[in-house]
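Protein chains: 2
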Amino acid sequence: MNDIFGEIDAIFHSKSLAIYGVSRKGGLGNVLLQGFIDQEFPKIFIVNPKITEPNVEIMGIPVFSSLKSIGEPVDLAIISTHPKFVKDIIIECGQYGVKAVIIFSSGFGEKNEEGKKAENRLLKIAQKYQMRLVGPNCMGFYCPETGLSFFPALPRESGPLGFISQSGSIANIMAFNSMLKGIYFSKSISYGNSIDLGFNDFLEYLGHDLNTNLIACYIEGMSDGRRFIELVKNIKKPIIIWKVGSTAAGSNAAHSHTGSICGNDILWNTIFNQYGVIRVYNMEEMISMIQAFINPMPVRARRVAIISGPGGPAVSSADMCETNKLALADLTKDSKMKLKEIIPKFGSSVSNPIDISLQATFDPKLEKKTYEIVGNDPNVDMMFIYLTMLTPRYKDLIELQQKISKPIVLVSAIDVNVSPDCFSKEIKRSFIHIKAKKVPSIIKELNQNGISVHPNEDLASKALYNIYKHYNNLKKSISY
Amino acid sequence: MNDIFGEIDAIFHSKSLAIYGVSRKGGLGNVLLQGFIDQEFPKIFIVNPKITEPNVEIMGIPVFSSLKSIGEPVDLAIISTHPKFVKDIIIECGQYGVKAVIIFSSGFGEKNEEGKKAENRLLKIAQKYQMRLVGPNCMGFYCPETGLSFFPALPRESGPLGFISQSGSIANIMAFNSMLKGIYFSKSISYGNSIDLGFNDFLEYLGHDLNTNLIACYIEGMSDGRRFIELVKNIKKPIIIWKVGSTAAGSNAAHSHTGSICGNDILWNTIFNQYGVIRVYNMEEMISMIQAFINPMPVRARRVAIISGPGGPAVSSADMCETNKLALADLTKDSKMKLKEIIPKFGSSVSNPIDISLQATFDPKLEKKTYEIVGNDPNVDMMFIYLTMLTPRYKDLIELQQKISKPIVLVSAIDVNVSPDCFSKEIKRSFIHIKAKKVPSIIKELNQNGISVHPNEDLASKALYNIYKHYNNLKKSISY
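Protein chains in written order, with the numbering used here: chain A, 4 to 483; chain B, 4 to 483.
Keep in mind that the hints were calculated from the coordinates and are not lab data.
Check the hints yourself; a few may be wrong.
It does not matter which identical chain is used: a pair holds within one copy or between any two.
[Said to hold, decoys possible] No more than 25 angstroms apart at the CA atoms, straight line, and that leaves these computed lysine-lysine pairs for DSS-like:
#, residue 1, residue 2
1, K348, K119
2, K328, K28
3, K371, K90
4, K87, K343
5, K348, K90
6, K328, K343
7, K102, K119
8, K348, K120
9, K348, K28
Owing to the predicted nature of the structure, the values given are computational and were not obtained by experimental measurement.
Could you put together the complete structure from these sequences and hints?
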């Protein structure tokens, strides 16, 4: 614990907020405000110097022409105005004793040298008043526990994921995408140009934060590589990083997006590998790996059993397991004998990959028994299950997992979030399909039991390998 | 055109069907039967020697104890019984003048040497009667035009995709997955152990079939590599192949699944590359590439313009374009000037990747105008658009495409088939979200206009590169 932790934690626990950039005609400031209203943030004031008449309200929130006219302490200010107003607002905040300012406005260092100079001036003002800055060119914080938000209609529910993003829109899309997979946030942080508080500060914060069990990040570049290495060396929580700018084209794009220097990609990979950071390349992959690390089951070896009703995907699953450095488990004679007793004689296989044949569609008990025999096999460290579609039978797996505690991944051939409305009644009946609305809570329950759901065989086997690697790295650095 | 085309086409145009393996208590045979009923296949008879009393119906279909007792010609027979009955049924079919038999039953060559011998015996019987066999260990044919089917509740709608699959369950899952993305089939063929008609026969057939514009395949192994090479050399339709068994683990799994020998994977890749076959590694990737090749726009060079509302994904999109051998287009001065006039000054970029900023969410016209300026730029060969979510604004793109005819890919951060029920009312309003039920028809319309929708940046840029490569290969072999 240190000062940075306390200072960031204080921002997350702000009790009162002044928001600049909300107008009668609407705009981004109003959208931000709606986010705080939706989260029922304790005390919100709008500051707009153009509105000088008393007792005005916008969206049900009182409007003041200045901080002074509020007449109450303000912990946090959010600025969503034209960039030319930001400096004077920062001064006003400093004089009024505001503790921290989130600068949503863009048009600073990411634009040009003039913008960088303007940023330096803002920082000096903030330092003079011992005020912390987040941004500019960011969305700020989302914390359902304390009511902070950066967009309307975000979930009120808290979860184990701490998320840090250089890009505001990625933080935003991630919040919605995660919700569809039942993933909820302790804190989500969009830091933009980070002229004061930056990526490493937030990483350190989430490393200590008791409500955060795993950390995921979107980054373009970084200013202090040494500190980053120290942090990933010491933080024992799983860290998943979507680092972009791995190519010349991406690197140039990042520079114009947030003014970032992306750095040498080979160097990044070396650091990530050495310290067990899980690198991902897009949002779909990030969500896969987050699911896998909500509650990863400890594992010592990497012998996978693949179970599939359809035989075809059993083959590509085996391909992807080998490609992603996993070994196919050799089932014990005892397991094979037990499987032979229950699995249909034709169109099936009791060797790994275990192909339970099309019959499984008509005999739900067959699936359950297979899971039990394979899950309890001492030669099996992890399970890889290919499903046509998520069905209420997921409960069998949770029941089994509570006894075996091994990493389990599911591939669902048909997107889990698909609405049953897309299918005819007949199909809905034959697949015993789950309503789209219930999917997030089911995936959440699966994840909490160390079972993750993936869109393809590649991501599922990567998830298993990363869990194996995670526990393997931990072994090296802590007594285990 | 040759005999094979005619013989397979005759099977697809069967007018009468005898199905073996349907029983009063239900089972896989009944499931197959339901598929034909759903497709309103012209004339169906159940043959079950155990049911000898007259005028029995199962699922509304008349039951006969033998073919002879039907007293009408039968074009096609489907066998879904225990494997031990198959031989006698084949003899009965041959004697009765049935033209082709689909053997659904498994427990033959994929099991052991004894099964291989049994297959040889079946083939000899069929040859004696000049009858063609499909399977065993397969699902058979699905052809909405003529009413053939291999599963209940498959779409009645026809489309441009011809699909060939060694695995029956893959053919099945593909049918449902495709439906969700608005992809429909001319014919889908599951051929299993292929003791008579095999992969190359069906490939040749679809190459000639006038209702098939593109061909996708799932294969584990192949018996006649030379013929395959001849076929892919001559077929000018796009061919997408999901070839599994690329690793030792997968190869072993394939052997027990269909008795396949997968072969040297490096050799496969060499052949695929040389003849412009698009190789994919899972179903998600296959559906991406099929979408891209429903109506690929001809393209001579590979300069891509990336347009993104959220700035973050613009960077990873640029990364993936470079990784997948595309070049970032250098917009003309004229385009840049026009963009500067309409794009917000802050949080945006008029250089490629074009970042239209969060403002796009609130100003739909901004998106439309940007598409027009960029799409009409002579330096832009292809467009890559990153969306948060599919919205009714897709119509703007179709309108533009009808003028520019350039390949366009969309990445939709939030799964396109997601039900709006998963979101709160506020979110539905702010995203102007499309109802899940309507998504397939919208994607179909997009695909028909040369616009494909992808789950991540990697697949979207692969799709663009494959389109470029496709037209590049064609140039070499035909006058263009």
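The hints, checked one at a time:
For the homomeric pair K348 and K119, the shortest alpha-carbon distance between copies (16 angstroms) is at most 25 angstroms, but the shortest distance inside one copy (71 angstroms) is not. For the identical chains of this complex, K328 and K28 are neighbours neither inside a copy (57 angstroms) nor across copies (46 angstroms), given an alpha-carbon limit of 25 angstroms. With identical chains, the CA atoms of K371 and K90 are never at most 25 angstroms apart, being 64 angstroms at best within one copy and 34 angstroms at best between copies. With identical chains, the CA atoms of K87 and K343 are at most 25 angstroms apart between copies only, with a shortest distance of 19 angstroms across copies and 75 angstroms within one.
For the identical chains of this complex, K348 and K90 are inter-copy neighbours only, at 18 angstroms across copies versus 76 angstroms inside a copy, given an alpha-carbon limit of 25 angstroms. Taking the closest pair of Cα atoms, K328 and K343 never come within 25 angstroms of each other, the shortest separation being 29 angstroms inside a single copy and 49 angstroms across copies. Taking the shortest alpha-carbon separations for K102 and K119, only the intra-copy value of 23 angstroms comes in at or below 25 angstroms, while the best inter-copy value is 79 angstroms. Taking the closest pair of Cα atoms, K348 and K120 come within 25 angstroms of each other only across two copies (18 angstroms); inside a single copy the shortest separation is 75 angstroms, beyond that limit.
In this assembly of identical chains, the alpha carbons of K348 and K28 lie at most 25 angstroms apart only when taken from different copies (20 angstroms versus 71 angstroms within one copy).
In this structure, the hints that do not hold are numbers 2, 3 and 6, in rising order.
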